[in-house]
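S.K.: This is what each chain is made of:
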Amino acid sequence: MDISRRNLIKSTLAASAAAAAGLSLGCKKKEAAPTTAATETPAATTTAASASTVAVDKWVKGVCRMCGTGCSIYVGVKDGKMVAIKGNVDSKTNTKGFLCIKGMNIWKVAYHPDRLTTPLIRKNGKLEPATWDEALTLIETKFKEFHKKYGYDSVAYYGSGQCTTEESYTFNKIWKGGFGSNMMDGNPRLCMASAVAGYLSSFGSDEPAGAYEDIENAKCIFITGSNTSEAHPILFRRISSYKRQNPDVKIIVCEPRKTQTSKIADLWMPSLPGTDLAIFNGMAREIIKNDWHDKEFIARHARFTQGDGTEASTFDEYIKFIEKYTPEYVEKVTGCPAASVKQAAEWFAKSGATLSLWCMGLNQRSNGVWANNLIHNLHVITGNIGKPGADPFSLTGQPNACGGVRETGSLAHLLPGCRPVAVEPWRKYVESYWKVAEHSINPSKAINPKPGFPAVKLFSSLGGENEADKPVKAILISTTNPAQTLPNLNKFVPNIKNAFTVVIDIFPTRTAQLASVVLPASFLYEKGGVYGCSERRSFLTQKAIEPLEGTKADLWIACQIAKRMGLEKFIAWSNEEDIVKMAEMAWNDYIGCTANTEKTLAGATYKRLMESTTGVQWPCPSEDHPGTYKRYVRGMDPVFDDPKKYGYEIPEDADMFFYGRKDGKINVFMRDAEPKASEKISKEYPFLMTTGRVIEQWHTGTMTMRIPETAAAHPNSYIEIHVNDAKKLGLSQGDMVKVESVRGENVLPVRVVNMTLEGVCFVPMHDQKGARMVNFICNDVVDATSGEPDYKVSAVKITKVSGPQKVDDKFVVTKSELDSPTFS
Amino acid sequence: MIIAASILYFQEDHYDDLIKLINQHKNIEITNEDKENGKMVVTIEAENNKDIEDLEEIFHNCDFIIDFTHHAFYFGDEVEKAETTGIIPDFDIKKPFTKKKIL
Ligand code: SF4
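Listed in order, the protein sequences are those of chains A and B.
Note that the numbering used here has the first sequence beginning at 274, numbered continuously upward.
Note that the numbering used here has the second sequence beginning at 1423, numbered continuously upward.
Worth flagging that the hints you see were computed from the coordinates, not collected in a lab.
Keep in mind that a hint or two might mislead.
Stated by the list, open to error - Below, in silico cross-link-like pairs of lysine-lysine (BS3-like), each with a Cα-Cα straight-line distance of 25 Å or less: (1) Lys953/A <-> Lys1001/A; (2) Lys415/A <-> Lys399/A; (3) Lys351/A <-> Lys1503/B; (4) Lys354/A <-> Lys1503/B; (5) Lys1457/B <-> Lys516/A; (6) Lys331/A <-> Lys1503/B; (7) Lys1457/B <-> Lys1083/A; (8) Lys816/A <-> Lys1503/B; (9) Lys770/A <-> Lys743/A; (10) Lys1088/A <-> Lys1503/B.
This is chain B alone, in the form it adopts within the complex (with noise of 0.2 Å):
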């Protein structure tokens, strides 16, 4: 498991469609929020870096969040169970890819 702790930086009128949006995934909590300049930090879940990405998709795709940045990650499992499986951590492939934004 992996978690994130990232930045969304979104458009102070559409403070309640962020909340719906961020709603409709479980593996995401606010921690703090700028309501009045459009800030808000949220730690993420995710089984892998695939999870996180899928997620900026999603969020990316919204005209009102004007950007979704990653500040910091912590992967302490994900180093154990390569090093005693000696396998780096993958994704699902089964999964389609989607290449990831630029911004």
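For reference, chain A alone in the conformation it holds in the complex (with noise of 0.2 Å):
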């Protein structure tokens, strides 16, 4: 590169840089800069706008796709590729534009040899090239046939978090209103169903009420059930930056391990897998004991309940259920020191402002709901709620959970709008938006009341035709690859490869192996389309570059199945050439359907989004209406203005309401901390195993084991052992274990570390290589209400299998060992 085109591409970096950091570009230049020579600093003047063309024809707006934070880029593209990414210094949610390692490496994704580029059929147990026309063709046979001989049901549907709204939405459409089937799911159940099935019975509603703007409001953090720092990098640093600027503000960690997260905190809180609720138990005992509970937001805003919540009980009953959580007796359950809970009981309850994060590590266990229901227990007897600061808030682990599978409600017993498919005004009034009647394939002509099964029954019921006793026959997977994330893999490696499995990604995985046909798809920057974050915040990704020759949008490939299966006139945008037009029409048949939910996104029409460099969270009536940061608040939240409109009654006089429930109240629940199936350690199996996030990875490796940054830092997964279990175990770092469990086993190195507890250990679950998929260890025990698997919880025994080996291979599967899935 020639020395002025360089120093114009810096000039141009630089001053999005200066405006990101709030400096002029009239600001003072280093005279003396440490340069390499004079004439390579940046020209001063040079202008922004020349230096901009220089270095890209244009800047496109985006969401990252590499974790579930959903910060706000800008793509780069110069010559129709991709050459720049920048931080977009607007957005609400990477607060000036800063970004992290895994999205400023997003490009290497899009441009990587092994993206797949021609459809896949196995012919003959190999899985062989063919043209878009005859995979389509073999899956419309199949499917029809598949309805015809097993009925309607026979044929599910599995997406994803990273799918478009309007990719979930014409999905679901076509499942639940043209096939009249509801068996459909999405990998969010794996992660946050938990975390819908809290707030739902909580609050009667989905989603939290508050927003990341919420992180520089509070005056007390409680981070539980949640690695921050790794698997949410961007608001981590939100959180950490407010915390030097603010040292008073306190943070407190509640983890079975130390993480990187702890380090920024004024309070770790250990606990033992699986027992964190007594420690909640325990916190509002305390609260309570000590006259810190506010008594006004109780009296006005509190439903005490027993049981599912239809029962309701007293404040003094609640005061009687957890008398027996003394600090002591939490301390003797969790391994929580006593003199911790008492800190973080009067932290949380007298901060002014306590905002709760949480993730996977509350949301992925058999007492799930219960968890979350116990932190919202907290917020509402300590009136943090519905002020700035305060609030429960679930992160989500992916980028469009919320937005794309939550609101359009793409899970098997839900509808657009995150409302119950068994619920009838709501089916009645989906089915007449969509025109069922006229158009479903199914005889019935309605929406099947029943809902479909969650993924794990989905996956335990998919196999092939010579299997009675397995009613799903084929399925749909997009954007997720089940092989590698399903709970207990033995058992369900056979059935995607038994069943008819259609894939569709971007590279080979562990579940295109075992696939009858796969489909490659296009890449987020290469086709566009909405995605909504935790915050309810829906932003658009525009198309930026063409994608990749051979390659195809999944709502492309939505409206293929769609036409082919006799829904052309059902999915009205399945006729349309153009990508963007299809997403704009998908988009706005989705945001009709939902207008008038609490969810309603009316007001951003695909116009807005195109123009709103910070996109609109929910609830949005109106083109000029801003979006809400608050929900339940007179004032800040518009279901107020109109309640009737939603389906709610709200008394005129009421500042604050919780509408998702008829009384306006939030259920406190009493939810007794004893894990109900979480496994046990016995003698034979005497560990607990927790499996988690490393900052440099995401998901099962797919994208970020193929970008070599990412993948030296972490090549390998590997089991990290308390330094004392070392020792009895006579293990020294790197030896080579294998980790077992009733279910299967995993070898692997290991890490001697002192930041988890005795008798706990922990394995990263990114890592390809058969021998290291720990959900070949972990337990599918399911939450009785959520469904969401246990993967924080397992019992396992270790035992050394060898000194220390080369096994930092950063592991893939390629395009050649398509047909040999040997899983070893």
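Both chains are sitting in their own frames, so use the hints and assemble them into the complex.
M.R.: Here it is, written out as structure tokens:
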């Protein structure tokens, strides 16, 4: 690159960084700047505009898709290629436009030579190249055959929190409205279904009341079941810089491991995996005992309840219920010091504004919904809801789990607007909005009132035609990798292989290895679409570059299937050629469908989303509405302006009203801490294993293990063992051990640490190498309400296999391995 | 080659120390600064991300650096390489990799 061009590029990027830092372009430049040569200093006289055109032809806005935070970016395009990335300075998510290493490297995914570019059909056991028409014709034939032979529920869909909202909505409409089948679920079932059920059972309406903005308004931040520093790096940056500027703000971290997140904490509360419910009840007891509870808020907004929420109870009964959770008892059950429980309770209750943040650590549990309920309890009894900085806020693991899956209702039991399919008035409304009676290919001409199967049950019920006990014969899997992410994989891998499985993905994956048909997908920036992140904010990624040759957008694929299955008119955008237009039509259909729910994005038209640099938070009922930072508060939440429109009743004098429940109150549950179905250690399996994430990788590593930098930083899984346990087992750093549960085993290198509790070990979940895929070990027991599996508590034994071995192979499934799924 | 535009937040009374530190790295240029409020925009030329992460490590280890964040990356040359060679640019794996800091 010649020097002048290089300098112009630097000027462009620097101007943008200066804006991000709040420095004016006129700022005095460092005269004696330590440049390589005076001539190499960016030309001060260059205008930003001219520099900009040298670096890129255009900046196209979008969302980073490499974790659940939902950072907003600009993709720089030159000659039709992605050549630069910068953070969006206007962003409300990654404030100041900061990005982390995964976001900066997204281009390496787009241009990776492993990208799938041809449809593949399995013939005689081998996946062979096919044309799009051949692949789609086979799918059509099989789906029609199975519908006829085994009924409409024999063909399933399994989606993802990484599909765009338009894609998820379209698949949902095809299945539930077009096929009359609710046999569709998505990978958010594996990550935040317990949060959904938690909000629904406590508040009567899904998703948080607050937003990321609460971070900078909080006086106490309670982080539990979340290693935010690694799983949501840019949010953690927000939290840590806020803490740095406001040292009086208290940060409490409640986690079995002393992770990087704990480094900024004033208090780390360790807990044995699966036991933290006792801590939450213990904190509640301490709060009430010390008279730190908010009596007025409780009187106005709390409804005490026993059992599943149907049975009303009283505050006195609640006090009696939590009485046994003395700090000493909690210490005994959880390993968390009694003094820490007392301290946490005080800070939580007395700070003035407490924000709780949690993620998989609470959700991926056999008692995940209960854990969520108990966090909500703490907020209710302390009045920490509905004011700046105070909120129980669940973080999601994927950038479009909220917008794409929860809000569009793309789970087995939901309809758009996140309302249950079993609720007749809403089902009838959706039927009529979609004109199901006119278009459905199912003779019932109706949406099935019976929920389909949640993920684990769905994959248990999946199988070949010769398996009479497996009613689901075919599955279309988009943008997710269940052959690596499901728990107790030994049980599910054969099912995926035996069924007629169609996989849509950008790279070869473990699931693609088992597929009957593989369809090569376009990457987000090659198609565009809306993502809605944890804070109810929908943001449009605009198509930046043309799709890689041979690939197609999932929305196009959905439309082709709709057309071939006789749903051409039902999916009105299926005849559209332009993918952006298609997406706009799907979006308009979606926001029309949900306009009368509190999830309304009726005001977030495509035009507005195209122009907006911040995205829009629901409820947003009209184009002139700014979107909503706080729900349930009069003057902020537009539902208060016309509650009847949304099917609610709100008293005119109510300033705060939790309209999801008829009485406007939040359920305070009496949930016992005893893990209902969590696995217990035994003589044979004496360790509790928990799983989780590392900053460099994401999900099954299909993208991040292909980025050289992130792959090198985390090239393989390992097992973290406490130093005292390692001594007892005679293990040294790097030794290879067999880790076994009753379900399966891994062989992993040992990492001896002192940041976990004795008896507790940890394995990251990203590795694709069969012998290191931790989900062979994990438990497939699910939360009884949410159907979410318990990845966090497995009883294991650990035995030494050998001394250190070289296993940093950065393993990924390649195209040549698509036919040999050895899983070893 | 990658070009990054990054922001340094520093303790204002350590401005001279920061300049000394920057002077040790020929691939860093200061483009804008706000001495009074402890902010500075720099551009970095690097062979790869690893070089940038090494710099991060050095800067993060200085007490007077409050934060060092990246705002924008230019990687046009790397895309060209990836497209022509089919190889995604890597760093020199002979150098030991230091796990980057989170903050
Ligand atoms: S924090 Fe997540 S969304 Fe933000 S840049 Fe990093 S990977 Fe992307």
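S.K.: Flag every earlier hint the structure violates by its number, smallest first.
M.R.: The structure conflicts with hint 7 only, although it agrees with all the remaining ones.
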